[in-house]
Amino acid sequence: MTLEHTLSQKTIEALQSLYSAGIEKVSFEKTNPDFEGDLTLVVFPFLKASKKKPEDTATEIGNYLKSNVAEIASFNVVKGFLNLVIADAYWLNYFKSINGRSFIKPAPENAPVVMVEYSSPNTNKPLHLGHVRNNLLGFSVSEILKASGSKVIKTNIVNDRGIHICKSMLAWQLFGNGETPASGGMKGDHLVGKYYVLFDKQYNAEANELLEKWSQGTFENEELQLKYIAISTKLESAKDDEAKAKLKAELKDLAKANTPVFKAAQEMLRKWEAGDKEVRALWETMNGWVYEGFAQSYKMLGVDFDKIYYESNTYILGKNIIEDGLAKGVLKRRPDNSVYADLTADGLDEKTLLRSDGTSVYMTQDLGTALERAKEVNFEKHIYTVGNEQDYHFKVLFLILKKLGYKWADGLYHLSYGMVELPDGKMKSREGTVVDADELMEEMIATAKKTAEELGKAQDLDTADKEHLYKTVGLGALKYFMLKVDPKKKMLFNPAESIDFNGNTAPFIQFNYVRIRALLRKAKEGLHNFEDVEVFTHNIHLLPKEKELLVKLHSFDAVLKQAAAELNPSLIANYVYDLAKEYSQYYHETNILKESEKDLIMFRLQLSNTIGIAIKCGMGLLGIEVPERM
RNA sequence: GAUUCCGUAGCUCAGUUGGAUAGAGCAACUGCCUUCUAAGCAGUAGGUCGCGCGUUCGAAUCGCGCCGGGAUCACCA
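In our numbering, the protein residues as written are 147 to 776.
Quick caveat, the hints were computed from the structure, so don't treat them as lab data.
These numbers come from a predicted model, not from an experiment.
Please note that a few of the clues may not be correct.
Claimed, not checked - Restricting the straight-line Cα-Cα distance to at most 35 Å, the calculated cross-link-like pairs of lysine-lysine (DSBU-like) are:
1. Lys453 x Lys617
2. Lys521 x Lys553
3. Lys176 x Lys292
4. Lys603 x Lys453
As the list claims (entries may be wrong) - Quick list of simulated restraints, FRET-style, between CB atoms:
5. Asp556 x Lys668: 50 to 56 Å
6. Thr148 x Glu599: 46 to 52 Å
7. Val259 x Asn305: 51 to 57 Å
8. Pro252 x Glu496: 43 to 49 Å
No residue lacks a Cβ here, since even glycine has one placed at the ideal position from N, Cα and C.
Produce the entire structure from the sequences given, and follow the hints as far as they go.
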């Protein structure tokens, strides 16, 4: 039984015996640092029962608790706040139970299974900053779930088919001259991305040509002419700029859809679907290049997957669900033969799941994929790590599955995260304002190197160790920067100012870990074998900072639990920072090896060691390494 | 327009299951390296928690209404 649990019980007892109040639940909170004490009970809610002044009520409860709970050393009352001081012996005993141990226990054999899907890239261009946030979040959430007693299966569904892939393929055929990653000296994903951009250039040029032709009255056919006239008439009478821009975009889209290069890409997609040998071969080759490139990026980022799905295998799924849904009356068929789910009663819209020509849409394949996964794995939860622009999509997806009566649908969860924005707005791949993931990682490592050299750090390391350190620090800074913000919120990334290495950052936390390790090495040289002796619990008067640190360590489990419940790594990030910051203050104001009493030296070394372990565990949950020296 | 998320220091963010005087970091200014690693520590300055009303002993936190911003609203993915 935890102390807080005991205190709650005793407080309920106190209220019963003092005021005959039948209160069922009371909770304590951490005492505000400006006041003396560790835990605080707010007594205002009990005033009705006590019919006494706040101060008197608090004092009476305080007296009761003091004489009934051994761990309470003393208490004080400020207005309606009862501040309890917990005896040092309690904290020392607690420390004895965790000294030198890991804060993370492996999940039991029969642990519930959670699937975490993340990353989900398209194979027509390299990973960018948005993917970085997605990958780091998915990976960290997986680690957090594992650490809190779940078995995690990390999955990645690769969008390896569709018109966008054909665009890259076509541009490569048109302009590539047989270029390969090897001949071009480029990572495969970047090479394919280059041709995607070339396609877009061509696409735009041809569209502008068409618009020019149309404005002079030359049209390929009458239908097109009618559409053109309809839109441009509206454009002429449009009043505000917003409406004009919208109509202009509509015209451009019409032109784009009629460019020869786009029609060729569509034709290629048709051939792909028909299983055309040549198209399939090119598709396999180019996707192969991309996968090699992605593998490198993933390795650098430090993320991995237990199972990779490909949409080329899953995009046909879902049609049998339609039959099932129609039979159950959850889905309906329109006169034109299209099938939809009517969700208007749930405050959503009608969602079409099968077009009138019988082909399926994105939602249909997501339904099918979910069902497939549920058959394959008996998961307790299935988490989709996808940006918040798809909130509505997942709402609809989950609702339809629930309506179809699948029990496992209750375990589906959309881990929705905010967009990464640049100082001048959203990233747009077409406008070339994307931040490339590989470049960003290289820059971070280079900055770490530069900073370390300027500060004269790590001079005694050999070249390989130095390179590893720069990677650990540079990528650590990047990962921490992205994970310390609440996933739900959109975040701002300013490449010009880059990411800091001071203050609330990974390098600061890593530095404190390194300092602990250095201290412990020195201690062993001085024959202080703190690992071999028991925690000395008698006659130690804890310094305020030492108690604070113990309280902080004590809350590791609670923070982990909350982070797992909310799927929120930022709680861990902020926790580790607070811990490191407090240790840093402690380190400055306290002598450890220079302390005269041997027992105190041992205790302080043990405390430092255990804090180091907590930092390492916490950073591990974020996917961030800690170095031994820097 | 509808739905939904958001608005806290100059900037980036904590704090939101209602509790005491709203916290960090960056940027600015002041000190501290012959002493366990200064990617550090200590300090100064910086706030109408978007605005208003309400609920409450008590509101950054809950409710309602405004103002401002993002996202989504296809037989696209």
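Status of the hints after comparison with the structure:
Among the hinted pairs, Lys453 with Lys617 is consistent with the structure: their alpha-carbon atoms are about 27 Å apart, no more than 35 Å. Of the supplied pair hints, the one linking Lys521 and Lys553 holds, its CA atoms being roughly 12 Å apart against a limit of 35 Å. About 28 Å separates the Cα atoms of Lys176 and Lys292, which keeps this hinted pair within 35 Å; it holds. Taking the CA atoms of Lys603 and Lys453, the gap is about 40 Å. The hint is violated against a cut of 35 Å.
Taking 50 to 56 Å as the suggested C-beta distance range, the pair Asp556 and Lys668 conforms, at roughly 55 Å. For Thr148 paired with Glu599, a C-beta distance near 48 Å keeps the hint of 46 to 52 Å intact. Take Val259 and Asn305: their Cβ atoms lie about 25 Å apart, and the range 51 to 57 Å is violated. Distance hint check for Pro252 and Glu496: the Cβ-Cβ separation is about 48 Å, which falls inside the suggested range of 43 to 49 Å.
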